[in-house]
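Protein chains in written order, with this note's numbering: chain A, 1 to 104; chain B, 105 to 810; chain C, 811 to 866.
To be clear, the hints were calculated from the coordinates, so they are not data collected in a lab. From the three backbone atoms N, C-alpha and C, an ideal C-beta is built for every residue, glycine too. Among these hints, one or two may not hold up.
Straight line, CA to CA, 25 angstroms or less: simulated SDA-like cross-link-like pairs of lysine to any residue [stated by the list, open to error]:
1) A:Lys40 / B:Ser392
2) A:Lys91 / B:Asp436
3) B:Lys685 / B:Leu802
Ranges of calculated distance between the beta carbons of each label pair, as one might list FRET restraints [as the list claims (entries may be wrong)]:
4) B:Ile743 / C:Trp813: 37 to 43 angstroms
5) B:Lys250 / A:Gly63: 18 to 24 angstroms
6) A:Gly63 / B:Arg156: 40 to 46 angstroms
7) B:Thr641 / A:Leu92: 39 to 45 angstroms
8) B:Gln140 / A:Glu95: 42 to 48 angstroms
9) C:Ala823 / B:Ser279: 34 to 40 angstroms
Below, a sample of chain A positions facing chain B; criterion: calculated Cβ distance under 8 angstroms [to be verified]:
10) Glu57
11) Ala72
12) Phe74
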Amino acid sequence: MPASASIMPLQIPSPCLHMSESFSMDEVALSTLVPGERGKVSRISGTSAELRRRLLEMGLNTGTAIQMIRFAPFGDPIEIHAKGFRLSLRKLEAESIMVNRELR
Amino acid sequence: MNVKQEEATRVRNIALIGNPNSGKTTVFNQLTGLRQKVGNYPGVTVEKKEGRVPLPDDSEASVLDLPGTYSLTANSPDEKIATDILLGRVTHTRTPELVVCVVDASNLERSLYLVTQIIDRNLPLILVLNMMDIARDSGIEIDVNKLQHALNVEVIATVASRGTGIQELKQAMTSTHKATGNSRQWRLPELVERELAELQAMLEQHHQLSEPLAFHEAVTLLSGHNGTAGHRNKYSPEILDHLHKDHARLDFMGIDRQSVFIESRYEWVRRVCAEAVITAHRSDVTFSDKIDGILTHRIWGFVIFFGLMALMFQTIFSWAALPMELIGAGFDWFGRLISDVLPPGDLQDLIVNGGLAGVAAVVTFLPQILFLFFFLGVLEDTGYMARAAFIMDRLMAKVGLNGKSFIPLLGSFACAIPGIMATRTIEHPRDRLVTMLVAPLMSCSARLPVYTLLIAAFIPAVTVFGVFSLAGITLLSMYLLGLGAALGMAWILRRTLLKGSPPVFLMELPPYRLPSLKSIFIQMWERSVIFLKRAGTFILGVSIILWFLSTYPRFEGASPSDQVQKSFAGQAGKLIEPVLKPLGFDWKIGIGLIGSLLQREVFVSTMGTIYNIQNADDGTGNVSLQSRMQQDRDPVTGIPTFTMLTAICVMVYYVFAMQCLSTVAIMRRETNGWKWPAFQFGYMTLLAYGATFITYRLGLVLGIGG
Amino acid sequence: MDWQQFLSLIIVAVTGLLLARAEVRKRRRARRTGCMGECGCASAAGVRTKLTKEGR
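Chain A with its partners taken away, still in its complex shape (with noise of 0.2 angstroms):
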């Protein structure tokens, strides 16, 4: 089972997936991330097709490992890194981006 698991992108619970280091169990979105924390993207859902299109091609498709960075200093936007560069969005749109959260 451990084996179906590391092929599978879609979180499926199963007691098997603790054991393995690499997958969390945590579905969150983007802007629920706090500095520090890392995660692979896993969907955009919830936005227009033109936003999500651009998400896309900035480098934000699935499998994409991201860590949040920080907050603008009145709260937002955010910072965050993916794919070797640092990208600034709004919460707003960070909600729309489901994000597979590493747990330390």
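Got chain A; can you put chains B and C on it based on the hints?
Chains B and C in isolation, oriented as in the chain A frame:
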């Protein structure tokens, strides 16, 4: 045309493309030097930047610097023009024979996305792997040969800022390269590949599209929305029908049509990078991060930002003082020379009090303008501008814009025209329009001479908190007033005329970089040359004409000040004086305001000319303009023309007034019509009048000089 | 009218003509190259105030 240029292997037409922040402009500058020219693409408000490159084989290539873009999917006018150029769809612009794509070596995985799209275009391609030094410092090693092999494209490693690799690039540009079209290596799921091929074939057949164009259209159609309403007129019914069925089929199979193309590209890119990129160690916290820790700190970030702005204005004011005095003294000396050589008379008057006075008044401000450009250039070059947008986004959101609007506004402090043109990076046309409409409220460098002249003459030399002078604070206040007005106006516009959903904010934060002082100085030099040329020609010409208008018609026996009043110019000023009286202005200021419609600095040269002529009989040729303005009295009532309040009112007027006709012209071009420039002119003039009126009345009530 | 006055009037007239001609030329050139109006303020020598620091 010489024989060399006829040969097929000589590459004539090259396009330069790349992500923003990839160093593309540096590469372009390295290739073309100062052989650049800026123009426009037909029918689009996108800047067209071209240059000439001398190649090692004695031929010359024409390089087109395409706007920086992340993809060719046309989210903004910038990206659209890049796509269209590569597809040969732009009139009067040839399809490039060779594409040079610049990528940031530290950012390969994201950057290669664009490369996959370029490869699809079936054009010869050279990949420039730039900023190798920074990549190496971050522990990223790239095997260039492996990359070349994986991409099937020639790769040149460069450090453009140092010029490394440029020669090799030029060499590579001379040889022929086979078209990349056949080497599309990224693959879609089987079903999608089939659908794509079919659709492409149909497009080629029905609409006589070329292969790359048909491919592009097919991808766009397949990945697009279900509704084919927008396409009804463009495509044949068979294609629309086939498309509809394709959509249904793919949706049924659970394939996300929009993302499958993007994912497939990135999948291939991932494999290429896995092969060619070795990351020895990649510390998560880069040097830039550490700096950002301070500069975008939750508390200190904004304080530092504001402090930087204040410092900038303070320095501009104080550091420039000495050079300005020197320039003034130089002109004075020259004036005296002329007065010694020529006997008193009209010619001497024309030269000294007309031309020289007018030009001197404006040229004196060159040091200040240069300092302003220097600071803005450094801020931009280091990458701080993006942080400014990051910090200010929340504030911009409150007025209905996003952080990206802040940069054009900040740039408008130099000149509203490049500021307005810089708005084209704003994706939403409505937000772009709002930003353009309020940009001129940001006090541009042309207002600086006006502010400085009035502040120096009428604001007492007092220091506040021991560090900041009242003069500096006043100057800062004028700029803040403009900023406040711009934001306020934006808020109003977004609530009334240009309502709508809040904009999206998606922006890359490039790593900090040491500013290239060389390119900043080149810019400053170019700016100075243009400024001086304009002063020596246009301003000189206007000053001469103004001299004429202030001297004629002649009245025998009239005192010089009377003479000015009765002249053409004076009469014009007198004509509008009733309108200006409520603002505390007199006809002399009126003349200045009229002249400012051509160029704001003309106010200063106008004052220079008028006051020089007016005081022509006081013997000395070099009493400063400031003291003349200070001492000017209405000959009848004895009331000073200028008081501190009047000076402030003039400044306030200039903060709000739309005077630069060039800006009107730019607005007309960028909005393709007269409606918006007219509206802009109207609301700003009203605002100027109203604000000045309030300031004046308030000042009188508070007893500040009257 | 003395020589100074005469000369100065000539200069004014010539200046006026030159200015007018320059304006006309500018309008025409502005249409082609698109740096509408006062090209001294705009175009390449202006601060590159683009959001995306096009890499120096």
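Going down the list of hints, with the structure as the test:
{"no.": "1", "hint": "A:Lys40 / B:Ser392", "verdict": "23 angstroms, holds"}
{"no.": "2", "hint": "A:Lys91 / B:Asp436", "verdict": "60 angstroms, violated"}
{"no.": "3", "hint": "B:Lys685 / B:Leu802", "verdict": "15 angstroms, holds"}
{"no.": "4", "hint": "B:Ile743 / C:Trp813: 37 to 43 angstroms", "verdict": "41 angstroms, holds"}
{"no.": "5", "hint": "B:Lys250 / A:Gly63: 18 to 24 angstroms", "verdict": "23 angstroms, holds"}
{"no.": "6", "hint": "A:Gly63 / B:Arg156: 40 to 46 angstroms", "verdict": "44 angstroms, holds"}
{"no.": "7", "hint": "B:Thr641 / A:Leu92: 39 to 45 angstroms", "verdict": "51 angstroms, violated"}
{"no.": "8", "hint": "B:Gln140 / A:Glu95: 42 to 48 angstroms", "verdict": "44 angstroms, holds"}
{"no.": "9", "hint": "C:Ala823 / B:Ser279: 34 to 40 angstroms", "verdict": "59 angstroms, violated"}
{"no.": "10", "hint": "Glu57", "verdict": "5 angstroms, holds"}
{"no.": "11", "hint": "Ala72", "verdict": "5 angstroms, holds"}
{"no.": "12", "hint": "Phe74", "verdict": "4 angstroms, holds"}
In this structure, the earlier hints numbered 2, 7 and 9 are contradicted, and the remaining ones agree with it.
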